[in-house]
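Modelling step: build the complete structure from the supplied sequences, incorporating the hints.
Take 1 as the starting number for the sequence shown in the UniProt record's numbering and just add one per residue.
Just so you know, these hints were derived from the structure itself, not from any lab.
Take these hints with a grain of salt, some might be off.
[As the list claims (entries may be wrong)] DEER-style ranges, computed between Cβ atoms:
1. Pro95 <-> Pro146: 48 to 58 Å
2. Arg258 <-> Leu170: 41 to 51 Å
3. Gly150 <-> Arg194: 19 to 29 Å
4. Arg293 <-> Thr92: 24 to 34 Å
5. Pro95 <-> Ser222: 29 to 39 Å
6. Leu168 <-> Asp23: 40 to 50 Å
7. Pro95 <-> Arg172: 18 to 28 Å
8. Ile226 <-> Ala151: 38 to 48 Å
9. Gly254 <-> Ala147: 14 to 24 Å
By construction, the Cβ of each residue, glycine as well, lies at the ideal position given by its N, Cα and C atoms.
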Amino acid sequence: MSDHTVITEDGLRIHVTVRGRDDAPLTVLLSHCWTAEESDWHYQVTDLLARYGRDIRVVTWDHRGHGQSDRAPEAACTIPHLARDLGLVVDTYAPDGPLVVAGHSVGGMTITAIPEERPDLMPRIVGALFVSTTSGELSQVTLGLPAMAGAVLRDRLPFILANRSRMLSLSRREKFPTIERQIARRFLFGRPARSRDVAHVVDQLVHAWPETMSGFFKDMMSHDRIGNLAAFDDIPTTVLVGTRDLLTPPEHAGKIARGIRGARLLVAPDAGHYLPFERRELVSGELFVLVDRALSRLADQPREDVVRRGRHRARA
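Okay, here's the thing in structure tokens:
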């Protein structure tokens, strides 16, 4: 494992972690959830390394305004920025060869923006996993509440968190994360919810920058990449969602699956929005399916041919 930094087009430092050897035949990119950071995928990283060792490259990173990456101004907290940042990470740490991409929540929204922001990467994608995410129409989500009350609460919660971040010290929020804990338990997790997983998410919420919460929320409300989904046609794709996901409900997963020819839709009973935590075996297992399929296709092809084809298709 090695830690790295890349500088974005607008001068922000992005923290990147690369696991696996430089000449691995396949790279797995894991794009995390809003207000989280790369540890959003820590169970899956552990499982991928246990199964494949250094035979694949696994790349995680903290989105702008998250984790160890630089704080971003509100205007720069958008999904197009995230898609271009993803492209920069790929250019720097996986410049050739096939890619399996997985995105949780805003990480999945980031993947749906690749066709418009970095279309050159599409020919290299040999597997896609969309986890608890959406391609649009988030402004219709009501958090499982009656329409009017749900819409009001949906629009207020991110700004309540942002104001707490502005007005209260980090130490006070760490000692008394009352609001963050209530939000995590009520809106982010289904059943069962392990205490350690809830605490992990609460800690991420406590450490999120106010611009990150308000800026990405505003952009996600206008997110509409339904028209981009056809670009993933015939790429092995799986869409996962929990029946108790209140942020990106099952009907949103269904639209993604219907929009991509050949996509599979799997619905996890009683699970909430944090599937990588709540249903570790399911999420890791579906990553294994995509990785195994990609590796089997590469098994009989010389490494030089794979690299050459990947570069040629990217240029095309």
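Hints broken by the structure, by number, lowest first? 7, 8
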